[in-house]
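> Listed below are the residues making up each chain.
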Amino acid sequence: MDHAVELIDHHCHQVVNRDLGHDAFANMISESFADAAPGTSHWDKPVGLSIRRWCAPVLDLPKFASPADYVDRRLELGAAEVNRRFLRRSGIARYIVDSGNRPGELCSVDELAALAGAPSHEVIRMESVAEQVVRDGTDAAGYAAAFEAALEGSLTANVVGLKTVIAYRSTLAIDTSPPSAAEIEAAAGAFLRRYDATGKARVVEAALERHILWRGAELARARGMPVQFHIGLGDPDVTLHACDPSHLTQFFRDVESWNVPMTLLHCYPFVREAGMLAENFRHVYFDVGFIQNWSGPSYVRMMEDALETAPFTKQLFSTDAFGLSELYYLGALRFRDSLSRVLGDWIARDECPMDEAARIVGLIGGANARRIYPGLG
Amino acid sequence: MDHAVELIDHHCHQVVNRDLGHDAFANMISESFADAAPGTSHWDKPVGLSIRRWCAPVLDLPKFASPADYVDRRLELGAAEVNRRFLRRSGIARYIVDSGNRPGELCSVDELAALAGAPSHEVIRMESVAEQVVRDGTDAAGYAAAFEAALEGSLTANVVGLKTVIAYRSTLAIDTSPPSAAEIEAAAGAFLRRYDATGKARVVEAALERHILWRGAELARARGMPVQFHIGLGDPDVTLHACDPSHLTQFFRDVESWNVPMTLLHCYPFVREAGMLAENFRHVYFDVGFIQNWSGPSYVRMMEDALETAPFTKQLFSTDAFGLSELYYLGALRFRDSLSRVLGDWIARDECPMDEAARIVGLIGGANARRIYPGLG
Amino acid sequence: MDHAVELIDHHCHQVVNRDLGHDAFANMISESFADAAPGTSHWDKPVGLSIRRWCAPVLDLPKFASPADYVDRRLELGAAEVNRRFLRRSGIARYIVDSGNRPGELCSVDELAALAGAPSHEVIRMESVAEQVVRDGTDAAGYAAAFEAALEGSLTANVVGLKTVIAYRSTLAIDTSPPSAAEIEAAAGAFLRRYDATGKARVVEAALERHILWRGAELARARGMPVQFHIGLGDPDVTLHACDPSHLTQFFRDVESWNVPMTLLHCYPFVREAGMLAENFRHVYFDVGFIQNWSGPSYVRMMEDALETAPFTKQLFSTDAFGLSELYYLGALRFRDSLSRVLGDWIARDECPMDEAARIVGLIGGANARRIYPGLG
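So the sequences go chain by chain: G, Z and U. The opening position of the first sequence corresponds to residue 1 in the working numbering, with each subsequent residue numbered one higher. The opening position of the second sequence corresponds to residue 1001 in the working numbering, with each subsequent residue numbered one higher. The opening position of the third sequence corresponds to residue 2001 in the working numbering, with each subsequent residue numbered one higher.
In isolation and in its complexed conformation, chain G is listed as follows (with noise of 0.2 Å):
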């Protein structure tokens, strides 16, 4: 598979621009929110492995470097520097960002944009924008109109897309059902007490959950946009049987005529739950990012996953890169090649002619993300 294919990763987040030291670089490819456990290192897993092979040569290193040399290297090189050959080499054609998740860490949107040389559009985190109106002064009583006004006054011209990281939150094992207004005023309410008490704004309840889910899929709707699920691993927060994307059954029946397209994002270890659901409704769509740059050597296995059952024309590329310009890169190299070893195998077995491996490549890689995301160019 060749670079002519147009790639859109329609999920990512934005990279550190700048130098990250030996510890600051090994806690970036962990999930966890702990140093390596006593003897060992982060290094020690599949991406780091990945890293040490495919990123170093980027960085005029030999392949399987070690790690100490490895962050050497890119310190000598300087973040900016690193950021632009990972980015550009990459081959991804344009980034829909999640610009929502600890953002003082990373770069701006514009920023990314630059260092890639390649146009960058935003997706509202809605959890973000619930916590910032909790932050800038809200009451119970007054908590539903000052969110739904925030998330509308959100939508600047960049904006292509909501995002939930319900999740992480309540889980996706609730009740999905409308919350009725004495049900968001009662949860805002306690929602308010925990920040009042902590000065920490993280909305979990389940009821100012639900609402994000229906004001955000009536506003995308109204806009044209989709909305994008956070499904499956993630880091410590996660509980992974509770974001399972079945428990969104109920949610997707409901809305299904609202014609509005629900991603689910990477859904690793749910990738054939994902695949059945884009299956059965019209508007669900999925990807397998993160876990194809995460999973270093196995990184054909989810694409052979994702391409058991569900239409060609309902799954997505994404990295879900966040902070290491390396994810970007790795994430687009293992997805072109797992697309192509996986229909190249259709292909010698005759199950596939060649042409239309070729078109489902398009179709995946960017042109079903052009079809559903609005003003791609």
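Hints in this document: simulated from the structure, not taken from any laboratory. From the three backbone atoms N, C-alpha and C, an ideal C-beta is built for every residue, glycine too. Don't take every hint at face value.
On the chain U side, residues computed to face chain G include the following (Cβ under 10 Å) [stated by the list, open to error]:
hint, residue
1, Asp2235
2, Asp2237
3, Thr2239
4, Tyr2285
5, Cys2352
6, Pro2353
Based on the hints, put chains Z and U in the right spot on chain G.
Using the frame of chain G, we list chains Z and U on its own:
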């Protein structure tokens, strides 16, 4: 694997034996209740590719004929000729048919047998019996006895098993203990009120499903026949995580001593769970039907999952074909080929002698079904 | 992968060191509590094929000897000779044994060590301690203290860890917060009443399992030893969906700062979930024991799942062998061979240098266990 092996399709439906236009055909290769997403076609998925590759030549078309040409040729030949070709070339020797799903759209079981030139047997979909009892007129107090009489009355000479679609209704994530008479009556009252209000008879009450479960198992025990369970994937009515067969574990414990074979249908994506249940409980059987005709080029993967742990004496063959005769043909083709590939790999790695592999094929293809279903001649 | 790598079997049981007849042997290769289904044999499954292929030659039989010949030869050689052969040829250098499961059927840990010619250590099955406390006589008010004293008293010199089978009892799908004294007393009362009524001491109460969980973790912290968790598959007492290790997520969050290694045993079919937990939590480890000796020719697939995402420093080796010395031999054979195959494929695809692959084998085979278990010499 040659056609000498007797294939018994222990779970399928009937075909549509009238001509299908372009849209009608496309809608038959989708599990969704809706048209394809805007800008897409239901053909654009693995099973669409499979039909173009493997079914087109059976209709004298070049492989990978376009969807339009395919449906045109189907119309030219006429439904009866198309159905005869696929059914007869499938190599299926015997059909065990759930005739209770959308019967108005499909031909009769006898017509299927005539088209296929092969004997057909019936399985009673117990929810359909319950719904007919309500349509025929009963009151809440009389429901239990009326259902039991109707179920017993449904066991005509050609019936070889019972089936429950509890997965689609209450889901499997319920207390499966036997319901009390009062629980049944209260639930029947709710069912009847809904029927009066909507004119639609659809049983969803957990207590009525528990009644179906226990009364069905007792009747199957008395008559020496299996009970089939819909497991895992299906249309948008299914909520996947609640259709994991391990939700039935307590029920399987409760009735193991009855020695009523209980067959878990399709099972995807819970194939590994199904295999372990077949290992743990002497009366539990399973298949990977539907998913092998649906998954196109990935059909070997489900057979690999199925052969990991379960006894070779507990796996069955089914197509779960519905409506399109292509799906029986593909189901049998994929089943035979995947079993040959996996066992051929075992032989090549010196993990299985050739005569054992042949015996395993015979068991899964038909001998296991012949052992547990009565009256297969 | 040669025998030079030190294999530490961090989770197994003891062998039966008396002769086993044909039926007794067949029942040892089944997880069910029942005879094989009518018309079938427990031999007719992947592990049966594996024993005939790989174990028969160790007993001087041709490969694929019949089940009858196999058991005859076993009887001819006598249990002690059979056990010595399989244990010594397994290449396992050290055994860490849960001796609390059906001890009356098995030899002692010392006998195992003597048969194997290798050192053995013990892990305390905490539920067995709780049950002995009840058998020894206590009242509800005294249960907590009696259990704690007995648990502490069980830590003889050879003990290197604790184990809980909560998965089999309350399941993992419970609130895992620390129980109050009143909750423990009430639950102990229920346990004692059941014991009085049935004469069987089997702890299932969630509050008592939470007590085991927290008190076990505290004691392990004080003594610097791991806690093992039964995860996923097992006999008919297990309900699979409720044994997904992600049900333990909140507990892992609560105790992460204690740095007590927590090892997830076998994990199938939740291997991917286990791998992500090992990535997310510094104190979580996992293995794919049992399933590799059980799955026969498919043994590589579990290792492929295991190596997808988790740190190489967090995976362990175990056989979970119980009763039959064949299962240690097969477990070690399949482990070594699957790791060689997967890493060999990585090397062939230039994804891993050869010396790194050797290091990974050393980590998973034994070095990780050596790092977290105390007193392995």
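> All the hints need checking, so say for each whether the structure fits it.
Consistency of the hints with the structure:
Residue-level restraint check for Asp2235 of chain U is violated (minimum Cβ-Cβ distance to chain G is 22 Å; threshold 10 Å). For Asp2237 of chain U, the suggested interface contact is broken, since its CB lies about 20 Å from the closest CB of chain G, more than 10 Å. Evaluation of the Thr2239 of chain U hint against chain G yields a violated restraint, the C-beta minimum of about 13 Å exceeding 10 Å. Here the hint on Tyr2285 of chain U is kept, as its CB sits about 8 Å from the closest CB of chain G, short of 10 Å.
About 6 Å separates the beta-carbon of Cys2352 of chain U from the nearest beta-carbon of chain G, less than 10 Å, and the hint is met. Annotation: interface hint on Pro2353 of chain U holds; nearest CB of chain G at approximately 5 Å, less than 10 Å.
Of the numbered hints listed earlier, those contradicted by the structure are 1, 2 and 3.
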